[in-house]
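Protein chains: 2
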Amino acid sequence: MTTLVSTTAEPPHEGFDPALLQQLLDGKYAALRDQIRAVQCRPEFAPVLGLSRDAYRVQVMEWARAVAAAGLSVPGFPAEYGGQGDPGANVAAFETLGHGDLSLLIKFGVQFGLWGGAVQHLGTKLHHDTYLRAIGTLELPGSFAMTESGHGSNVQQLRTTATYDPQTQEFVIDTPDEGAQKDYIGNAAVHGQMAAVFAQLIVAGEGHGVHALVVPLRNKKGKLHPGVQIEDDGQKLGLNGVDNGKIRFDHVRVPREALLNRYGDVSPEGVYSSPIENPNKRFFTMLGTLVQGRVCVGAAAVSAAKNALTIAVRYGNRRHQFGPPDQPEVPILDYRSHQRRLLPLLARTYALHFAQQELAARFDAVFTGRDTAERSRRELEALAAGMKAQTTWHAMETIQTARECCGGAGYIAANRLGELRNDMDVFTTFEGDNTVLTLLCARALLTGYAHEVGDLNPAGLVTFVAAQAVETVVERLHARQIVQVIADAVPSRDEKRDLLERAYQQELFEWREGHIVAAVATRFRRRLSRGDDAFEVFQAVADHAAAAARAYVDNFALEAFSGAVEACEDPQVRAVLGRLCDLYALSSIEADKGFFQEHGRLAPSRTKQVTREVNELCAELRKDAGLLVDAFGIPDAVLAAPIGLPTVTQTT
Amino acid sequence: MTTLVSTTAEPPHEGFDPALLQQLLDGKYAALRDQIRAVQCRPEFAPVLGLSRDAYRVQVMEWARAVAAAGLSVPGFPAEYGGQGDPGANVAAFETLGHGDLSLLIKFGVQFGLWGGAVQHLGTKLHHDTYLRAIGTLELPGSFAMTESGHGSNVQQLRTTATYDPQTQEFVIDTPDEGAQKDYIGNAAVHGQMAAVFAQLIVAGEGHGVHALVVPLRNKKGKLHPGVQIEDDGQKLGLNGVDNGKIRFDHVRVPREALLNRYGDVSPEGVYSSPIENPNKRFFTMLGTLVQGRVCVGAAAVSAAKNALTIAVRYGNRRHQFGPPDQPEVPILDYRSHQRRLLPLLARTYALHFAQQELAARFDAVFTGRDTAERSRRELEALAAGMKAQTTWHAMETIQTARECCGGAGYIAANRLGELRNDMDVFTTFEGDNTVLTLLCARALLTGYAHEVGDLNPAGLVTFVAAQAVETVVERLHARQIVQVIADAVPSRDEKRDLLERAYQQELFEWREGHIVAAVATRFRRRLSRGDDAFEVFQAVADHAAAAARAYVDNFALEAFSGAVEACEDPQVRAVLGRLCDLYALSSIEADKGFFQEHGRLAPSRTKQVTREVNELCAELRKDAGLLVDAFGIPDAVLAAPIGLPTVTQTT
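Quick mapping for you: the protein sequence lines, in order, are chains G and A. With this note's numbering, the residue at position 283 of the first sequence is 283, and numbering never jumps. With this note's numbering, the residue at position 630 of the second sequence is 630, and numbering never jumps.
Quick caveat, the hints were computed from the structure, so don't treat them as lab data. Keep in mind the model is a prediction, meaning the values are calculated, not measured. Some hints here could point you the wrong way.
The list treats identical chains as interchangeable, and a pair is accepted whether it falls inside one copy or across any two copies.
Stated by the list, open to error - Here are the simulated lysine to any residue pairs, SDA-like style, with alpha carbons at most 20 Å apart:
#1 623 - 535
#2 608 - 523
#3 608 - 544
#4 623 - 570
#5 623 - 539
#6 608 - 591
#7 608 - 547
#8 608 - 371
#9 28 - 334
#10 281 - 325
#11 608 - 539
#12 221 - 530
#13 28 - 126
#14 281 - 605
#15 496 - 279
#16 623 - 536
#17 496 - 507
#18 608 - 519
#19 608 - 590
#20 608 - 522
#21 221 - 166
#22 125 - 178
#23 125 - 267
#24 125 - 570
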């Protein structure tokens, strides 16, 4: 007997040092990432197939406690509460955990990011002193109770109420109907002892919009608090190590101090006050403090895509099938059809990696207060929304492609691609539905990041855009983009430029973004000026607006990738990264060649040239593919997929 | 308490009678479909969530026995063996079962289609008399043991051997190494008592290529046959009600009559003979008799897509979110962004439905002997390969989109979209990997359906195409396509035609197919004439060839859909089907607008018009979406997804 899968090594090549590239990818948080990898590699963190749901939930809770015990849970908390005051480290920790069990990741995110984040960012000193340390140690497990059965995306219309009773100086938390029950709430079914509950705040008969309050769910022994009803959400497609549940409140009373009162408070006598007068602005400011969730989800999605590619590329290097006549079969990654499936996804994964690092750096700058500009905060929110949608969709596409590229072996549960996909799937929906987030990002682009347009309610956006001359909207774009837009329909001037010239690629990406944003704004104005109904106008342009957000994220990722290439000091690593960046840019242009031709920017002969260039880049990068996934630095014990290990041990 | 999900009915509209449309979809096998639906609706067929793997396998076996007991298992077998001599009915039965539990579907397919089909089509009267009746009743459960760990797609290179021993007049079945073990074999881990084993036939030291033999696996009590080793494949991403396993043979002896000898026989003295002299032709003829598997898999994939759309469209009609200012929220299917996600998939599902009916009709004509033309058989094989790839990819895309369109509710296991996706996933890989099948289909297009080019080995194809003048290859295309190809780059003549004119849409589809096929053939010749290595030439054009196969299937589906519209007698049904066919045609053109511009067929102003038309068709068809999914005729008990039921019952 020989081996199950042939062990022919990857074809020899000169290559580069993947350790150097890993250093570059790990960046400033390399030490933290190594600490987390060390925890993940402990024997007790090895994945267990076929656990029952109950046992899996217990296991995940134990893992989460181990991460907390290692001091890795809340680097973003202030030092006085057990953290390091380093919000960027939170993202890096989440990103690294994203290579491992995703139920643990989400348990971690719910406890330390959402529950902890709500207390940290919406609460004040009393709440911090009372809760933060116990949250960071997992002594006080909690939930983030925002979504309701009837309202996910439309948070402003939540129906849970928190009514102030000045007699007792308490809030009464109530679920008026079944659509208003909190739903899909992590940590609710079993472990959560408290929750940050988002509810319509009602004071003296007047509604002040959605605010968050700290509400008890159950005591340490698991007994439900009076008036609280909890129902298990049961089996899900994935993430079954997380105990999601529905919560109903029947006139549950909490003290006045339960209100997380940083952006809105109620005096003992029952007078509402807020540092932010405009209710819409207040609402978006409160939600904005929670942007960490989206930044983290995007980071973990890129990690999941890396796992899938690591497995599929190694399998593609090792699996032989067909070949020239009377010669040995060749590795399937030698086939252009196989390269075409995996390598553009690998390039885009690198692009999104660097984009995520830039996003996390901006998040860190805003949340440490190094960048206090209001515009920076709003750009951050728009970018986080757009990135979250693109990274999670990219992860799903990558995992599915990887699964198919591994054939029957990919369908075996032990190889973990199915678990990865099932766990990742809901990332496209939670922390904001991807389609809604894409429109949220588009709105920010169209309105120059103004908050005043209210909720995602389309009419608000329409009214806002209508109120401004389109020229003003367009002015907000980079001046350079406008020049490109105006210079539209002159493709011939491009014909002589080298497709591999980075500046030219960047021009094409910027032009695309600017063109779509300007076109959408123009459509808005035209239709409104002829008296069309505002809601219908929004309907009509929504798809076009979504394209603007996608172009914006693509452009941002190219800038980030290109910046990383330029900053890279090792000549060999820099060379391979440069080619990969070319592949990202050109495969993105190829996928959108209909647009580039439609708007006269690329001639047919030119787009055909792009296709040829993508083919050549795939052929050229094929030899580096193995090292490029090695550089992701995913420990074998964490990847834990037999077909994805760097070498296959003899089975006999 | 009111309801969990609001029960607002679908917006009122004039509509059409979905029962009439269902009649049209059910077609000539309506009665058989109703019989199967009746079985599926029995209480004991209700899906059970959370069964252990062992219990699920037992359950599925019981279901399969119930289907057999109802006389619905083998309508394709000759009447003397319990069937009706109706191969088309086999496909219709499989298609209808595709709406229910997919483990049952695959158990059914393995037993009656693959195991039964191998005995029926590769065996002769002795085998039929001995086995067919017991296969049809499930008295004799069996496996189809083709795939090996080391060889899935490249069947000609299988390594299991069947060596004839003239001394004992037996074949010795042997697994020479671990890569040669049979793998992912359904019915192998638990239930299979025999298997059709595909092995290299060796007679007097000479290899005669892959043949199938009937080999015992275990007795009725489950005791393994001497020399047979079986290992459970364990947990899979889905289809866990099917007992897949690995099989190793250690010099297992079977009598000479175990050879399924329709296409190759060995005399007692050890002389090989075959009615087909050319070994390649023989191999492909044998495989060709198994085409039913691919026809059936495609049919079931369309059924699965229908389930997903039924759930998502009904949810989209019922789920309200956002709305005009100070007005009630609107159903999410009112949003163009939501329509754009679901309605083109609905249109394509209908197109593929009608394409499958045409494919099944051709399959029936060939296998009942009504159509005996060699070319028909080969076209059938090419079409089945191309259709299988496109339908299964379409099903995966549709299910994933439906899952996301149902948000958190779609992520709850009880709503079954995850199970549907996990079960359907491997359809893209089994019965031929989709990428390989796409190339197989392309090869047939390029070579005018010649079998002589040997296996999928690229060099064979290259040599074949090289041996012919490209003009000859091109001549095989429809004459009309060639005219279009020659008339390339004259987009202006199209500008005045109505995008909704069916004949014009068909011209565009035919032109696309013809253009790509001709272009690939030309590239072949050009590169070979300059002396490039044959293997590399294949590498270089593989992606382009795959595009030819996709265009071919798209065109075939448009013809089928358009034919169904023309044949429809009810004016209201005909009107809505016509619009849906327009949406299929134009959304397909829109998705490929880069190609149409690149090759000068559609001007930019024209492709923009296509996009506007797709938007309008979506808006128009939105009101019919509910009835269009009702017409799929999936019983509530079979759909079994609470969010996908036509109305939601009050929960309090």
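Inset, instruction - Using 20 Å as the alpha carbon limit, work out where residue 623 and residue 535 are close: within a copy, between copies, both or neither. - result: between (52 Å within a copy, 18 Å between copies)
Inset, instruction - Evaluate residue 608 and residue 539 at a C-alpha cut-off of 20 Å and name the case that applies: within, between, both or neither. - result: Close across copies (18 Å), not inside one copy (34 Å); limit 20 Å.
Legend entry - Up to 20 Å CA-CA - residue 267 versus residue 125, copy category: Within one copy, since 17 Å is at most 20 Å while 92 Å is not.
Legend entry - Within, between, both or neither, where residue 125 and residue 178 count as close if Cα-Cα is 20 Å or less: neither (35 Å within a copy, 65 Å between copies)
Legend entry - Within, between, both or neither: residue 221, residue 166 at alpha-carbon 20 Å: Answer is neither: 32 Å inside a copy and 76 Å across each miss the 20 Å cutoff.
Legend entry - Copy assignment of residue 608 with residue 523, given that the CA separation must stay at most 20 Å: between (31 Å within a copy, 14 Å between copies)
Inset, instruction - Pop the pair residue 281 and residue 325 into one bin, within, between, both or neither, using alpha-carbon distances up to 20 Å. - result: So residue 281 and residue 325 pass the 20 Å test across copies only (17 Å; inside, 69 Å).
Legend entry - residue 281 and residue 605: within-copy, between-copy, both or neither at 20 Å Cα: neither (49 Å within a copy, 41 Å between copies)
Inset, instruction - Up to 20 Å between alpha-carbons, please classify residue 608 paired with residue 519: within, between, both or neither. - result: between (26 Å within a copy, 13 Å between copies)
Inset, instruction - Pop the pair residue 221 and residue 530 into one bin, within, between, both or neither, using alpha-carbon distances up to 20 Å. - result: Answer is neither: 64 Å inside a copy and 80 Å across each miss the 20 Å cutoff.
Legend entry - Intra- versus inter-copy proximity for residue 544 and residue 608 (alpha-carbon distance at most 20 Å): So residue 608 and residue 544 pass the 20 Å test across copies only (12 Å; inside, 25 Å).
Legend entry - Identical-chain pair category, residue 608 with residue 522, by Cα at 20 Å: between (31 Å within a copy, 16 Å between copies)
Consistency with the previously given hints fails for numbers 8, 9, 12, 13, 14, 15, 21, 22 and 24, ordered from lowest to highest.
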